[in-house]
Structure formats: structure tokens, C-alpha cells
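S.K.: With chain P held as given, fit chain F onto it using these hints.
Taken in sequence, the protein lines are chains P and F. Count the first sequence with the numbering used here and you get residues 1 to 278, in order. Count the second sequence with the numbering used here and you get residues 1001 to 1059, in order.
Derived by calculation from the structure, the hints in this document are not laboratory data. A virtual CB, placed ideally from N, CA and C, is assigned to each residue, including glycine. Take these hints with a grain of salt, some might be off.
[Claimed, not checked] To be clear about the criterion: a stretch of chain P counts as covered by chain F if any three or more of its residues have a C-beta under 8 angstroms from a C-beta of chain F, and this derived list gives those stretches:
{"no.": "1", "segment": "197 to 207"}
{"no.": "2", "segment": "218 to 230"}
{"no.": "3", "segment": "250 to 259"}
{"no.": "4", "segment": "264 to 271"}
[Unchecked claim] Which chain P residues stay away from chain F? Per the calculated CB distances, all over 10 angstroms, these:
{"no.": "5", "residue": "62"}
{"no.": "6", "residue": "101"}
{"no.": "7", "residue": "139"}
{"no.": "8", "residue": "155"}
{"no.": "9", "residue": "162"}
{"no.": "10", "residue": "239"}
As a plain string of letters, each chain reads:
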Amino acid sequence: MKHNLLILLWITLISNSPLQLNKKAKSNSSEESQELWHDLITPNLEESKIFYGDIFGWTFEDSNFKGTKMTTIINDGNVIGGMIEVKNANTSTWICALPLSTEALNQRIKSVLASGAKAVLPPVKIPGRGKQVVFEGPLGEEFSLISENDYTKKVTPKGVDKSWIGIELWASNTSRGQEFYETAFGVSTTQISYDNKPYWVFKSGEKLVAGMINNPITNQGSQWVPYIKSTSINELFLKLKNSKAAILLTPTEEVRKGNVGIIQDPHGAIIAIQNTKS
Amino acid sequence: MKKTKKITLLILTLLLMEVFHGCANARWGTDAGLNVTWGPNGPRVRPHVDFDIYNGGRL
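Pulled out of the complex, with its shape left as it was, chain F reads as follows:
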């Protein structure tokens, strides 16, 4: 019984940590290797600029 309580508490703590992490304006990587940023209304992919292609700023 004691063991079950401990396991439940541990799972709840982990869940809470995940919730707080999700609420923060944190950035993390996805399995697909995309860099995701949490926006006010959901996740968005952080753009990746390829500087072998970039040739801008000639204005």
C-alpha cells in the first residue's frame, strides 16, 4: 500500500513538472529535430536560416 502511494506521488510530481514546463515560454527540440517555440496560442516551429543560401540585405 505504502509502495503504491509512493509510486502515485512520484507520477503526480512528474506530471506536475511536465505541466509547469509546458506552461513556461520554453524552447525544446522535437523528435523530428525541429526547434519548437511555445506561442500564446500553441506551438510554432522556430525558423532555421541556411546561411549558405542567404544573400539578403542588398537594399
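With the rest of the complex left out, here is chain P:
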């Protein structure tokens, strides 16, 4: 279903020439030290804005391109991502995009495709945002590459309250996930053990870029899950209980000492919220 939505979006935008598979490109860690860009694809932009605005206090700057409604998310005066309305989407979903310079983007597209991903949204040029490609990885997870632009350059460094901490791949096959991201992005992977359960970190050089766990969702496939920082997780979940969100994990002492909660927004997108004091 998600594919249809992305194709629909593609039709409304200006497409480039078709992709061609080429030899994989080498990684370029300096290009990839950028903060990630996050887009929410939602069937109802207004409802999503109301939900995220109420819960996180985000504000929005709307735009419209050829009938496609989009908005830029502002957290405490700083740009942190965007939302795009796709009317016939059955569910909403957060898609994380790695911003790259034009040259690095073209190289990375080739290496990602050569490593086994499919382009579900071929390169499109979005006014003010440049080129963007959405892929489906070998585990069925979706991610994106985007050209650096005025918005991605403004993204607040991670770790700010009510903004992104990072992303985690909930993988149904961690070996395949590791192999793919090492090949396609040139990252290194380290396996750690917490509470006798494995955890993998992806690093670009010395920089931690993402985490990976065995997919804990028993009735859905692999996906990238964004984490949002909160300095008051319990208050936030009191608010969430009275909202249209579905709470998948209420912070509890038994799971990460009550410092993590997981929700599904009113249209289905999963996000995790992590408590940090500062």
C-alpha cells in the first residue's frame, strides 16, 4: 500500500530520468555527518499537525506544490523535519532521509541499489527541497536519500528536547540488515549485549549513526523507528493517554527503568520516546 502512495506522490512531482544500476560507490563519511531529515507521510495533514502540535508543541509552516500539501516542522524555533499529505495512504509512516551533496547523493543512490534496495519513489525534485529518493531495503524497511538543502542544513543537532535522538532498525533479519548497510553505506557495525539481549550500533567513522535490534513487533515487518527525546516522559504519556494515539509501551520500571515509551500516532506511524534528563 505504501508503495502505491509513494508512486502517487511521485506522479504529482517532477521526475528525473530513470535510475540505472551501476557499480557500488564508496562511502563518504564526511558527507554523512549530517543530521537526518524526517518526513511524516500522512493521509491527513491537518489531523497529524494537530496531534503532534498538541503532544510535542511543534509548530508548522505549510506549503503546497501542485496540490500536494506539505509542511515544515518547527520545534522551539528550529526546523526538525516535514510532513507530506498522501490522501489515499492507509497509514502514516515516518521516513528518515540522509541529506547528501549532489555528487554524493548520485553515488549513494547507485551503491544502495547495487546492494539490493529498490527505489519505491524514484528521484523527484521538490521545490525548495531538492532531489529525494525513497527506497525499500532488503528487509522491507523504508528509508530515503535527499539532497542537502536550506531545510536540511537548518535541522537542529540531535538531543534537543522534543526532537530526534536517533533511529533504530527493528530488523527481522539482523545479519541481512548488517550486511546491507555495511555494503550500501560503508558503515561499520558493532554488536553489544544489554540485559542478555543483542544490540547493534552502526558507525560512520567514529560517529554513531543508528542502532539495530531484533524486530520486537510480532505482526509487522522490519522498519526504521525514530526516537524522540523527552525530559518529562511521564507527563508526556499522561497527555498521550488522552489523545488519539495508541500506546504500545507505557514507560514502566521493567523496561529500560521507565525511560522508554512507544506509541503509534493516530494514523499508524510508530515512534519511540526516550527520557533523558538534560
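M.R.: Same frame as chain P, now just chain F:
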């Protein structure tokens, strides 16, 4: 005849109740034991997180 009318009315009422229930943003279980949520464009399965597996939030 009266009995037939009553039965028809009852069936119609039940059907209407089912329609209103279907239109609401309600959650209910399926025969397969899945927790289903009604989305704007059709039903979707509510994810089930297994906390014996979950080990996230180490970022």
C-alpha cells in the same frame, strides 16, 4: 404479517448498529486474534510489541 415486520425491523436495527460501529474509530479483535484498528482508508493491524525481545533505546 406483524411478526414479519418486527423481524425485519430488528434486522434493520442490527444492521444500522453494525454500520455505526464500523464508522466509528473503534478497535476490535478479529477471529485470528489480531487487534485491528480502522484507518481512514481501511483496517490496519495494530502492532504487537514483544517486550521479551525489545531491547531498544540505546542511542
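S.K.: Does each hint fit the structure? Answer for all of them.
M.R.: Hint-by-hint comparison with the structure:
With a threshold of 8 angstroms between beta carbons, the proposed coverage of the segment 197 to 207 of chain P by chain F holds, since 4 of its residues qualify and at least three are required. By the rule of at least three residues with a Cβ nearer than 8 angstroms to a Cβ of chain F, the coverage given for the segment 218 to 230 of chain P holds, with 5 such residues. Interface restraint, the segment 250 to 259 of chain P with chain F: holds (4 residues with C-beta to C-beta distance below 8 angstroms; minimum three). Residues of the segment 264 to 271 of chain P lying with their CB closer than 8 angstroms to a CB of chain F number 4, which satisfies the three-residue condition for coverage.
The beta carbon of residue 62 (chain P) sits about 20 angstroms from the closest Cβ of chain F, which is more than 10 angstroms, so the claim that it is off the interface holds. Taking the minimum C-beta to C-beta distance to chain F, about 25 angstroms, the non-interface status of residue 101 (chain P) holds against the 10 angstroms cut. Listed as outside the interface, residue 139 (chain P) is consistent with that label: its C-beta sits roughly 16 angstroms from the nearest C-beta of chain F, beyond the 10 angstroms cut-off. Remark: the non-interface label on residue 155 (chain P) is consistent with the geometry, its nearest Cβ contact in chain F lying 16 angstroms away (cut-off 10 angstroms).
Interface exclusion of residue 162 (chain P) from chain F stands, the closest Cβ pair being 16 angstroms apart, more than 10 angstroms. Separation of residue 239 (chain P) from chain F is adequate, the least Cβ-Cβ distance of about 19 angstroms exceeding the 10 angstroms criterion.
The structure shown violates none of the earlier numbered hints.
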